[in-house]
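Colleague: If you read the sequences in order, they're chains A and B.
Position in the first sequence (first residue = 1) + 184 = the working numbering.
Position in the second sequence (first residue = 1) + 24 = the working numbering.
Don't take each hint at face value.
Unchecked claim - To give a feel for the contact side, a few chain B residues facing chain A, derived at Cβ under 10 Å:
| hint | residue |
| --- | --- |
| 1 | 82 |
| 2 | 98 |
| 3 | 100 |
| 4 | 110 |
| 5 | 126 |
These are computed hints drawn from the structure, not numbers from a lab.
All C-beta atoms, glycine included, are put in the ideal place defined by N, C-alpha and C.
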Amino acid sequence: MLSLWLGHSALAWADSYRGPKPLPLYTEECGSCHLAYPAQLLPKASWHRLLMGLDHHFGSNASLDPKTRQAIDTWLQAYGGEGKRARNVPPDDRITRASWFERKHRRVAKATWARPSIQSPANCAACHPDAAAGDFEDDDVSIPQ
Amino acid sequence: MRNALFSILLIGVAPSWAATPAELLADYTAQAGQPADAQRGQQFFQNQHGKSWSCATCHGQTPVTPGRHANTQKTIEPLAPAAHPRRFTQASKVEKWFRRNCNDVLDRACTPAEKADVLAWLITLR
Numbered sequence: 185m186l187s188l189w190l191g192h193s194a195l196a197w198a199d200s201y202r203g204p205k206p207l208p209l210y211t212e213e214c215g216s217c218h219l220a221y222p223a224q225l226l227p228k229a230s231w232h233r234l235l236m237g238l239d240h241h242f243g244s245n246a247s248l249d250p251k252t253r254q255a256i257d258t259w260l261q262a263y264g265g266e267g268k269r270a271r272n273v274p275p276d277d278r279i280t281r282a283s284w285f286e287r288k289h290r291r292v293a294k295a296t297w298a299r300p301s302i303q304s305p306a307n308c309a310a311c312h313p314d315a316a317a318g319d320f321e322d323d324d325v326s327i328p329q
Numbered sequence: 025m026r027n028a029l030f031s032i033l034l035i036g037v038a039p040s041w042a043a044t045p046a047e048l049l050a051d052y053t054a055q056a057g058q059p060a061d062a063q064r065g066q067q068f069f070q071n072q073h074g075k076s077w078s079c080a081t082c083h084g085q086t087p088v089t090p091g092r093h094a095n096t097q098k099t100i101e102p103l104a105p106a107a108h109p110r111r112f113t114q115a116s117k118v119e120k121w122f123r124r125n126c127n128d129v130l131d132r133a134c135t136p137a138e139k140a141d142v143l144a145w146l147i148t149l150r
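Modelling step: build the complete structure from the supplied sequences, incorporating the hints.
Modeller: This is the structure we're talking about:
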């Protein structure tokens, strides 16, 4: 009975990345144009590179004043991804090109990504209603038309 | 020595003090050294400037309703002060977004005159 409960709990934790409560500065600055992605989703080295190149942030200028950038960098270095998932550095430091991301979304067709209601794999909240809280549970996924 | 330190503290803090859109407009107009022109501001806002995005691309042609980020689809609250009470009330925030977004739209910083024109136009929107 206990092992069954433990097994279920482990599975339930599998897609929930509820980490520490995000730094308010991180949520405000890094959530102003897109979801403030949970820190665990990228390796620490990737986060640092992104923060050092904010004036050309995936085609946009997302620059910060040095003090704010430093505060966010420090926080991300404390809570950024480490361990198994973070071992492979994604190309372009892009979450959506990480091998674990591609594996988890392997059944999503290209045409689905292109739907006007979704438009991009980076638009987590389109299908993951609790993405902002770091909750990506399969059971809660709802793919819009 | 303490006075000097206090002054430095004020300079550091001052840009973040709450302002009104009218006050920020007065600041930009003073820096520009010419009167702001709302019509020029509208054209500036709605036109492209050598790149694929205009301000309107994300903020909408008449930003009294929410806009959408062209890449991420994130909802952007209306930019016009009449449609959103906190718009243009914090100089540091305004400057941050002008810095980022003018670089995206124009590949350069906006001049004080351009900022004044755009703000003058946005203030007229209902």
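Colleague: Hints first: check each against the structure and report whether it holds.
Modeller: Status of each hint after checking the structure:
no., hint, result
1, 82, "9 Å, holds"
2, 98, "6 Å, holds"
3, 100, "8 Å, holds"
4, 110, "13 Å, violated"
5, 126, "8 Å, holds"
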